[in-house]
Structures are given as structure tokens and as C-alpha cells.
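Participant: So you can see what is in the structure, the chains are spelled out below.
There are 2 protein chains.
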Amino acid sequence: MAGLVRINRDRLARRLSEMAKIGATPAGGVTRLAFTDLDKEGRDLFIRWCEARELSVRIDEMGNIFARYGADDQPPVMAGSHLDSQPQGGKYDGAYGVLAAFEAVETLMDAGITPSRPIEAVCWSNEEGSRFPPPMIGSGVFAGLFDRDDAYARESRDGKKQGDELARIGYRGESACRAGDIHRYFELHIEQGPVLDQKGLRIGIVEGVYGLKWLELTIRGEANHAGATPMEVRRDALAAAAEIITRAERLPADMGGNFRLTVGYIAASPNSTNVIPGEVVFTVDVRSEGQEGVEALARSVTDIADEIASRRNVELKIQTLSDNAPVTFAPECRDLVEQMAAALELPRQRMHSGPGHDAVYLSHVCPTGMIFVPSIDGISHNEYEETTPDDLAAGADVLANVLRQSAET
Amino acid sequence: MAGLVRINRDRLARRLSEMAKIGATPAGGVTRLAFTDLDKEGRDLFIRWCEARELSVRIDEMGNIFARYGADDQPPVMAGSHLDSQPQGGKYDGAYGVLAAFEAVETLMDAGITPSRPIEAVCWSNEEGSRFPPPMIGSGVFAGLFDRDDAYARESRDGKKQGDELARIGYRGESACRAGDIHRYFELHIEQGPVLDQKGLRIGIVEGVYGLKWLELTIRGEANHAGATPMEVRRDALAAAAEIITRAERLPADMGGNFRLTVGYIAASPNSTNVIPGEVVFTVDVRSEGQEGVEALARSVTDIADEIASRRNVELKIQTLSDNAPVTFAPECRDLVEQMAAALELPRQRMHSGPGHDAVYLSHVCPTGMIFVPSIDGISHNEYEETTPDDLAAGADVLANVLRQSAET
Chain A
1 MAGLVRINRD
11 RLARRLSEMA
21 KIGATPAGGV
31 TRLAFTDLDK
41 EGRDLFIRWC
51 EARELSVRID
61 EMGNIFARYG
71 ADDQPPVMAG
81 SHLDSQPQGG
91 KYDGAYGVLA
101 AFEAVETLMD
111 AGITPSRPIE
121 AVCWSNEEGS
131 RFPPPMIGSG
141 VFAGLFDRDD
151 AYARESRDGK
161 KQGDELARIG
171 YRGESACRAG
181 DIHRYFELHI
191 EQGPVLDQKG
201 LRIGIVEGVY
211 GLKWLELTIR
221 GEANHAGATP
231 MEVRRDALAA
241 AAEIITRAER
251 LPADMGGNFR
261 LTVGYIAASP
271 NSTNVIPGEV
281 VFTVDVRSEG
291 QEGVEALARS
301 VTDIADEIAS
311 RRNVELKIQT
321 LSDNAPVTFA
331 PECRDLVEQM
341 AAALELPRQR
351 MHSGPGHDAV
361 YLSHVCPTGM
371 IFVPSIDGIS
381 HNEYEETTPD
391 DLAAGADVLA
401 NVLRQSAET
Chain B
1001 MAGLVRINRD
1011 RLARRLSEMA
1021 KIGATPAGGV
1031 TRLAFTDLDK
1041 EGRDLFIRWC
1051 EARELSVRID
1061 EMGNIFARYG
1071 ADDQPPVMAG
1081 SHLDSQPQGG
1091 KYDGAYGVLA
1101 AFEAVETLMD
1111 AGITPSRPIE
1121 AVCWSNEEGS
1131 RFPPPMIGSG
1141 VFAGLFDRDD
1151 AYARESRDGK
1161 KQGDELARIG
1171 YRGESACRAG
1181 DIHRYFELHI
1191 EQGPVLDQKG
1201 LRIGIVEGVY
1211 GLKWLELTIR
1221 GEANHAGATP
1231 MEVRRDALAA
1241 AAEIITRAER
1251 LPADMGGNFR
1261 LTVGYIAASP
1271 NSTNVIPGEV
1281 VFTVDVRSEG
1291 QEGVEALARS
1301 VTDIADEIAS
1311 RRNVELKIQT
1321 LSDNAPVTFA
1331 PECRDLVEQM
1341 AAALELPRQR
1351 MHSGPGHDAV
1361 YLSHVCPTGM
1371 IFVPSIDGIS
1381 HNEYEETTPD
1391 DLAAGADVLA
1401 NVLRQSAET
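Top to bottom, those sequences are chains A and B. Take the first sequence: its letter number 88 is residue 88 in my numbering, and every next letter is one higher. Counting from 1 along the second sequence, just add 1000 to a position and that's the residue number in my numbering.
Certain hints may be false.
To be verified - Calculated lysine-lysine pairs in the DSBU-like style (CA-CA distance at most 30 Å, straight line):
#1 A:160 with A:40
#2 B:1317 with B:1160
#3 A:21 with A:160
#4 B:1040 with B:1199
#5 A:40 with A:161
#6 A:160 with A:317
#7 A:40 with B:1317
#8 B:1161 with B:1317
#9 A:21 with A:40
#10 A:160 with B:1021
#11 A:161 with A:317
#12 B:1021 with B:1160
#13 B:1160 with A:21
#14 A:161 with B:1160
#15 B:1040 with A:160
#16 B:1021 with B:1040
#17 B:1161 with B:1021
#18 A:160 with B:1317
#19 A:160 with B:1161
#20 A:161 with A:21
To be verified - Ranges of calculated distance between the beta carbons of each label pair, as one might list FRET restraints:
#21 A:21 with B:1014: 56 to 62 Å
#22 A:233 with B:1321: 23 to 29 Å
#23 A:345 with B:1317: 47 to 53 Å
Unchecked claim - Sample of chain A residues facing chain B (criterion: CB under 7 Å; computed from the structure):
#24 238
#25 239
#26 268
#27 276
Since the hints were made in silico from the structure, they are not lab data. Owing to the predicted nature of the structure, the values given are computational and were not obtained by experimental measurement. Every residue gets a Cβ at the ideal spot worked out from N, C-alpha and C, and that includes glycine.
Chain A extracted, bound-state conformation (with noise of 0.2 Å):
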């Protein structure tokens, strides 16, 4: 084994600092959706920064971007993320996964490395699916999961079409976007939940992801004055979702288990204080490690809604919006992860992901590993979101030295 590498911690921070500058919120946050000028203006500087180091970009059809460092003829390492972030949304939820695989890039090219295979630092498009649901569509495309005109008709809340969007910042490349031979891919990501925060680690092993359902319920009733219209006559669409959402709320205490359920979007129509309302959207985001909790969990939801929509007699559909199944990592990737942290002497433990990554997707086409580093109290898809600059060093160390491994050997 070749020795180890360490990243320049202070570049590092730099980027990552200039980079929240783009779409920053007052809090500390960012706000930098999918295909919107902010994320061209993420976009521009990542590529600026890739070629003052010549690294040789491209741009695929959806918008993925490759910056690719070392020789040509041999399947390449890639790690990666995502620049795209939530509405008021973390700094570090992707960039720092592109940033510090770039990071690590440089840190070979400084150290005077030039590793067998050549090396990708990727930034992978619409990962948040915020503005275009489903999430992960560029590496979802790429791995051949997703069409490409599929995605380019889908259509944001305010009726803009992804291909569009993507087309009018100038990121719909030429570049075909459908993975080759790939060596390996590594993700850095934050943990976005509590446990290493919690247990004072400094890595996670990530051994898989959880399997995810989202479904859009939407409910009909009938819109009506709010002063004129007795209780006993209404059918209340925002009444028969509040009692959807409050039963379905309970289910995975009930359920017992490993079970996540979140309703994170909720449009009431008209909207108006005075109108009774006729229309009303909403998601629920189910998880839960094994694939057989994910289908009990969505279907006790669709029971409830199904129960409740008819007892108050208004009309209810139901779509499923995306639908991943678990993932389990390759053994020789998550290997690697730990045998790099434990050169480190990083504390660190072997854990699941709840959120769904990039790498999900590209684990169906090349052996895949992940590596997390803790956020502090576990804060994430918010402003307040944190990691500590010793634990953003820490991890994209692991992620320069399982890169060079993997390149290498």
C-alpha cells in the first residue's frame, strides 16, 4: 500500500465557502434548485475552478458534468455528488461530495501522483428533486434507470420542463449520458442525521441505503364559503388530509421497526382564509431498510387515505412519484472506506443511509461505496446544517486516499 495522502484542508474550506455564496440564505444556508440561474452560476464556477487545473470537462445530456484527470485508455475511478440544493437548504448536502472529490484530485495532481486509472470528479444533475421531482435524475438517467425524454418532459410546480430548464442555462450537453466501464465510484456525503454527531465519530461506512417510496395524494372536495357553508354539508379537502396526515404520522411507531414517513409538501386550493378548501396536494415520503417495509408502510397510508377520503366523501388519487428499492454497497468498496479511515485513525462505524444519494443509482452499474461524515445535532435539508472543518477534512482525506488506492491498484 502506497502512503497516505492528505488533503489541503484550507482549499478545501474555500471552496466550499465560495461556493455558498451562490443562492446563500441569511442564515448560513443555501437555496440553489436544479436547472435556476444559481445552479448555472454553481455550475460555472466548479468547471472555472477544473480548468485553471486542466482537467478535461465534459457535459452530458442531462447536464452531469465529468472533470477527468489522467490517461484515457482505462475505466475510470469516479466520486461525486451534487451542487443542486433544497430550498433553504444546507452548504455542504452535495457540494461537499463535488468539491472534495476535486480536492482530492488536486491533492494526487500537488503530490505529484499519476495514478494507472484516470480519476472523475462528477457533479451529478437534479439530485434534490425539489423543483423537478424524482430526485437523483441525472445519475438516475446515467445508470439507465430513467429515459432521457422521460426526464426532459417532466415538469416543475410552476409547468417549466426539465428539459427545457436544463437547455436554457446551457448545461444540455452533447455528451451521450449512459455509464461505460467504470471502475468504481466513492460518495462523501454528511451523514444528515444524528448517529456519529451522537456517538463522537468522525466516519461513516456506509453498508447501504434505505428503500424509499414517495407517493402524491391528491384530495377533492368541494371549495365553499367559509361563513355560509353549515359543518354538516362540507366536504373539506384540507380537513381530510390534516386527518390523513395525523393518522398516517402514527404508523411507524405503530408499525414497530426501522420505518420513516414525512409529508414535507402539502398546496391547499384556493388557499384563502375565508374559502373552504376544494383542493388539496400532498407527499408522503415512506423508508425503511428492506423492501417488504417500504411496500407496508406505503400501503397503510393509501388504507388511511382510502378510509378517511370516503367517509368524508371526497375523491382521492393516488400516484407514485418514485420508488426506490434498498441498496446494499459492493463488500470491496465499503472495505476500502474502512481500511482508509482506519489508516487515519478516524473513529468510525459501519452504518445505513436513510436519505437516498447519487450513488444508489450508480451502484446498479459499478461497485459503489459512500463515506459520511458526521452533522452536527444531525440538522440537515435546513440552513443550521453543520459540519465541524476538522470532520470535512477528515472525510475527503478517506475519500483522496480510496480514490488513489482505487486508481492505482
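Let chain A serve as the given structure and place chain B on it in line with the hints.
Facilitator: Same frame as chain A, but now just chain B:
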């Protein structure tokens, strides 16, 4: 008593239909929110019609429009309503009262009747309050119940100031917004509830209006990742809101009597499928015939919200957006409406109004009366709101004769 007049039903229908084109929705309703470009267009059209009949038009500081017929030296008889609508609202809600008042004036002109008191057809600004709460602000400032500058400073949910928007559409007039000496005020309106339609009646003689309170509840929990955050550590603002809404909806039935409670508006933040909502704002509209009922209902909502917020460890802020005491209209106005409906041989009954109207505020400064016509199936604040042509004509006939009697005697 002078002979009965009859309005020109075709002319009224034509004008209603022309006004309904401004902001028309596909299903036959209108979206013409206060102080938007469409509101301006509706106002411009009304003024063109008034000026074509050589009425003198005055616009006050709140954008209320007064179109006067007849002698200038006596306290006027006023009749009117509003031209702004709910989002996806009905075409007769408000516009009918304004255009029928104007039709009544035209009918008297056509009949060569010169009343001894002037008659004014009035359009009150921002009755609905759905863009700029509270509702009925134009008549409220006019009646001295709200401060003009406070009203100007009120902001829409997208951060526009009411006074600026009023100026932007060219309707921040010069004349003082303050009631002078007014002989009587009448308002003709669709019922917006099912009572007249269910009983096959044509005219409602409105005895008074329910009291109402608008509460705005803001819940602050903690935004966090839907996948990474275990259920037991969450502080989910939407789950808290849903529980409050579900419990509050049952209050009217539990308390018995004439209560109405509606949650019409809700907004979650960041409102993304895979983020636990960190903040939710929603409104509660409570109504009852008596003040004690309104207070008791609002108190129960507050108690429920306090209990749930404290159990769930989320912050709760409750603000009162609107607070209107129940109103009883002037006996001489109610009696005159009943007398004219009887003379016209229209099936009728005395009743209370659940919705508030500009007439509520006018009742603070002059003897006031209201006339209702049926809403088919009681549907209102909805694109499908409808009233038969016969009922539209009948209501305007009553109004024309009520105005004539009030202006001549």
C-alpha cells in the same frame, strides 16, 4: 307609495357577463384579486359605464368608487358591493351588488324619476381580503374602523404593500376616505349558502351578520432530512398543524349551536417532499351569531393549539388578523326590504348572514340593510357559484324599489 319600477334584466345580465370576462376562469368563475391589473380593468369598465350615463364619479384614498345620480345637497342613499374576487371565485360575488346598484340607478333615470336625495352606486375596495388581509378594508377605513395608513402598509404574502399596489393601478384617489352624512346604505348580494335555494325562496331579508375572528397560527419546529431523521427526535411543524386542524374541525359539533370553523389557508416551509417541515402558517376562521360564541370557539382553538404545540415541543404564535362583532341591521331598512319584496310578490324570509359584507362596516355609520338572492346548491367562493337569471332580476328589482323609496321619502 310610488308605483313599482322594474329593472332591465337583459342589460344587467349583459353587464354581469361582460364584467365576468375580466379574470375569467375556465369553469366559469373569476380570479380578480384586489389591486391587480385585472381589478383595475374591472374598475375601469364600471367607470366607463357610469360615465356613459353621465353619473359623476369620485374615487377616494382607498380606491372606493362612488358614482352619483341626482341632487348634491342632501345625504345620499348608497348601494353597492365590490368588484374584487376570491382566487377562482364566483362571477356574482360582489360584482352583482355593484352592477345591480348601477342598474337600479339607470332604471330610475330611464323612468324619468328624479329622486329628491342623491343615489350613489358604490364599489368598495378589497372586500375579499384574500390578497391583502383583512377583508372589507375599503369600507372599513371609510367607516373609521381602520386607519388609512395602516391599511396602506398592509402587505400581501409576496411582500407588496397595499397602498403601493393601489397607487400602481391608478386608484389611490384624492378624496378623503371618510363617511359623511349618509341617509341609508343597501347591499344586494348572493346568499353564498344553501338556505334560500333549499327552501325555494327568492329573497332573503338580512337581519344581521355573524361575528367572526380570523386567527393566524405560526408553528415553528425544525426542518430536517426526511430519510435521516428518526421519528422520535422530530419537531415536525406540519404534523403539529395537521393534528390541530383535525381537532379544531370537531369543535363546532362538540360545542353545539351555530358555529362555523374553517382552515382555508396553509403554507409549509421549505415545502419539499423529503424535508420535515420546519414552519407552517395556517389560518382559522371562526364564526357564530353571537359574540360569546365567537370568543368561546376562538378560545378552544387556542387551547387545543397550545396543548399540541407544547406536547410536540414546537413553537406556537397566534395572531388575530380580523375580529368583527356580530351585527344587527337597522329595523327601518329591514322592513323596507321586506315591504318591497312583498309588493313584488317574491317568496322571501328573514335570515342571518354567515359571511361578512361591506354592509357590516357601513352599519356603523348609517342605517343599513341587505338583500340576498339564492345561490344554487349554496356553492360560493368557487368557480361553480351560480344564480338563476330570474333571481338576479328579482333581487335587482327589490333593490331598485328600495332605493327609490329611500331617495324619495
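Participant: Evaluate each hint against the coordinates.
Facilitator: Going through the hints against the structure:
no.: 1; hint: A:160 with A:40; result: holds (16 Å)
no.: 2; hint: B:1317 with B:1160; result: holds (23 Å)
no.: 3; hint: A:21 with A:160; result: holds (26 Å)
no.: 4; hint: B:1040 with B:1199; result: violated (38 Å)
no.: 5; hint: A:40 with A:161; result: holds (16 Å)
no.: 6; hint: A:160 with A:317; result: holds (23 Å)
no.: 7; hint: A:40 with B:1317; result: violated (38 Å)
no.: 8; hint: B:1161 with B:1317; result: holds (23 Å)
no.: 9; hint: A:21 with A:40; result: holds (13 Å)
no.: 10; hint: A:160 with B:1021; result: holds (27 Å)
no.: 11; hint: A:161 with A:317; result: holds (23 Å)
no.: 12; hint: B:1021 with B:1160; result: holds (26 Å)
no.: 13; hint: B:1160 with A:21; result: holds (27 Å)
no.: 14; hint: A:161 with B:1160; result: holds (29 Å)
no.: 15; hint: B:1040 with A:160; result: holds (29 Å)
no.: 16; hint: B:1021 with B:1040; result: holds (13 Å)
no.: 17; hint: B:1161 with B:1021; result: holds (27 Å)
no.: 18; hint: A:160 with B:1317; result: violated (36 Å)
no.: 19; hint: A:160 with B:1161; result: holds (29 Å)
no.: 20; hint: A:161 with A:21; result: holds (27 Å)
no.: 21; hint: A:21 with B:1014: 56 to 62 Å; result: holds (59 Å)
no.: 22; hint: A:233 with B:1321: 23 to 29 Å; result: holds (26 Å)
no.: 23; hint: A:345 with B:1317: 47 to 53 Å; result: holds (48 Å)
no.: 24; hint: 238; result: holds (6 Å)
no.: 25; hint: 239; result: holds (5 Å)
no.: 26; hint: 268; result: holds (5 Å)
no.: 27; hint: 276; result: holds (6 Å)
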